[in-house]
Amino acid sequence: MKKDYSKLTSDIIAYVGGEQNVTSLYHCITRLRFKLKNVDIARENKEKIQNLDGVLSVIEGNGQFQIVIGNHVSDVFKTIMNNYSIVNAIENDGGEDTEEEKSGNVIIRFFNVLSAIFNPIIIALAGAGMLKALLVVLSTYNLLSAEESTYKILSAAGNSVFYFLPLFLAISAARIFKVNMFISLAIVGALLEPNFTSLVTENGITVDFFGIPAVLMGYSGTVIPAIVSIYVYSHVEKLLKKIIPKSMEIFALSMVALLIMVPLTVLVIGPVGVMLGDGLGNIMNFVSDKSGLLAGLLIGGGWTFLVMIGIHWGVVPIMVNNLATYGYDTLRPMIAAATFASAGVALGVFLRSKNKNTKGLALSSILPALLGGITEPIVYGLSVKYKKPLIAQTIVGGITGAFMGAMKTKAIVYVFPALTTLPAFFGDTFIYYVIGISLAFFGSAVLTYILGLGEAGKLEDSVSDDRDELTVSLPFDGEAITLDDVNDEVFSSRAMGNGLAVYPTNNEVKSPISGEVVTIFPTGHAFGIKTAAGTEVLIHIGLNTVDLEKGIFDMKIKAGDQVTRGQKIGTVNLQAIEEAGFDPTTMVIFTNDVKEKRLKILDSNNSDITQLTEILLVEGAV
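Numbering (numbering that gives the first Met the number 0), first residue to last: 0 to 621.
Do not rely on the hints blindly, as some may be mistaken.
Unchecked claim - The calculated lysine-lysine pairs, modelled on BS3-like cross-linking and capped at a C-alpha distance of 25 Å, are:
1) Lys529 / Lys47
2) Lys36 / Lys47
3) Lys240 / Lys177
4) Lys386 / Lys407
5) Lys599 / Lys529
6) Lys555 / Lys509
7) Lys177 / Lys245
8) Lys555 / Lys567
9) Lys557 / Lys567
10) Lys557 / Lys6
Don't read these hints as lab results, they were simulated from the structure.
Work out the full structure: start from the sequences and follow the hints.
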């Protein structure tokens with residue numbers, strides 16, 4: 000049965016300020032990318048969004064409010080688009096630029112533009128790349144001859160995206176730069192038209208254009224010329240629309256655009272773009288040749304952080320250009336080191352964690368990473384959350400990336416690093432790739448297991464609230480007692496539910512469980528918390544203390560807040576309570592049925608006092 004995302008999407012839209020606050024929305028492989036009119040509303044609710052079941056993390060950058068969902072992002076996106084009147088940025092030119100976008104860091108904006116241009120065509124690139132890799136396997140093992148018509152037809156399917164890549168980029172860039180998509184396609188299409196390509200007998204050949212020497216280049220598979228050309232055209236089109244009368248625009252706009260942009264691209268933009276692309280490739284190959292170990296160390300160790308800030312797609316043009324220019328790319332194997340190190344983290348967390356929910360998340364994240372190269376659920380759901388796994392994957396990713404860089408490991412087509420895409424790395428360095436990703440996966444798993452899960456992991460290992468087990472700690476330092484010993488018939492009779500009590504010995508109040516504060520009395524003397532698994536707990540400080548004056552209870556929580564077991568949430572003036580003649584005994588009551596759970600009780604210092612559960616079990620309510 001298909002999962003219903005209505006509740007999740009309604010909460011997300013509410014927390015980002017409602018559909019009226021959303022300028023536009025699109026999604027990449029794992030993230031919802033919002034453009035918001037007033038981002039401060041979403042910022043105020045950032046913690047609430049992060050705590051939603053189904054959300055891995057929240058990131059801000061360059062005018063985008065990014066909500067990381069993971070593997071189900073497309074389903075969540077479809078649910079939003081079906082239920083709300085929100086502009087789809089992919090279909091509607093990305094909406095209007097916000098002031099934040101215009102004033103952001105230039106480098107970050109540049110990478111975000113590249114990311115936005117490449118995002119829609121990544122799926123076609125990856126699929127075509129995998130088909131090319133499959134043909135490599137078939138021909139290598141003599142299962143299909145390169146001379147056969149079958150091979151040539153399949154080869155055409157695999158090569159089409161790469162050969163006509165400038166056309167794909169023209170369409171995508173037109174959407175980002177907000178110009179006519181079909182005129183853009185015509186401008187870049189001229190570079191692949193047979194009359195033009197027949198002139199290009201070799202790169203750098205010079206021909207005459209109205210007496211001007213034109214240096215011709217082959218543009219099949221290139222990246223930069225198409226993007227730069229459409230960027231320039233975006234400014235030309237604005238000027239032309241001011242000059243050309245509306246009545247003539249239907250034919251004059253495209254005619255003048257082609258007359259200006261095609262020669263300009265052939266004479267200036269194209270050659271410069273090709274040289275820039277070749278220059279980037281030469282720099283990367285130079286670094287790889289001179290110190291592949293250093294390059295691999297930086298990329299393998301740092302790739303996760305590029306993913307975290309959301310600009311990792313901006314590196315795609317360099318890899319694609321390398322493949323088009325040299326027939327191979329050395330960046331992708333280094334990135335694979337980070338990918339498989341992330342997958343190893345999931346295995347390490349699965350083996351180390353004692354919490355069933357965490358183990359379930361870890362186990363479910365391994366296959367998408369290994370088979371599809373999708374690591375963001377691991378990065379945000381495990382590595383960032385627990386810190387030490389992030390350290391493990393950074394160290395191991397850097398070391399194995401350095402190994403593959405030192406061995407000059409190559410990818411021969413563009414794919415996502417995964418077990419399913421191994422043929423994309425066939426060649427004389429394939430053995431180094433296999434060794435590298437194996438070391439990355441198992442090395443990261445072992446190091447994660449050794450390092451543990453960090454402070455959050457320690458807490459979660461001791462805090463279990465699932466179908467079978469519930470861990471509760473005392474809200475105060477003091478002596479734990481059963482409800483039978485409470486001097487109040489409502490509590491001792493268990494009319495409100497079973498539980499336990501504590502006689503406080505200091506003023507500091509701590510949360511007995513992790514969850515959401517669902518209610519708090521105005522005086523602060525009583526409050527309720529609900530765990531993610533649905534267990535509801537009432538904490539009542541003192542007997543009849545509702546009659547006390549304000550100021551006795553200084554609670555730092557409010558309804559809707561998320562709290563963690565053991566977290567300080569307020570203080571109480573115990574001396575004032577006793578001087579007023581009231582009993583400060585504090586009750587922890589389970590207000591819904593927890594009979595099926597194994598109860599574990601800790602004191603405020605996390606020492607196990609589970610013997611109290613035996614008393615509670617005798618009462619038959621827990």
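For each hint, the structure was consulted:
no. : hint            : result
1   : Lys529 / Lys47  : 15 Å, holds
2   : Lys36 / Lys47   : 19 Å, holds
3   : Lys240 / Lys177 : 13 Å, holds
4   : Lys386 / Lys407 : 31 Å, violated
5   : Lys599 / Lys529 : 17 Å, holds
6   : Lys555 / Lys509 : 11 Å, holds
7   : Lys177 / Lys245 : 19 Å, holds
8   : Lys555 / Lys567 : 9 Å, holds
9   : Lys557 / Lys567 : 13 Å, holds
10  : Lys557 / Lys6   : 23 Å, holds
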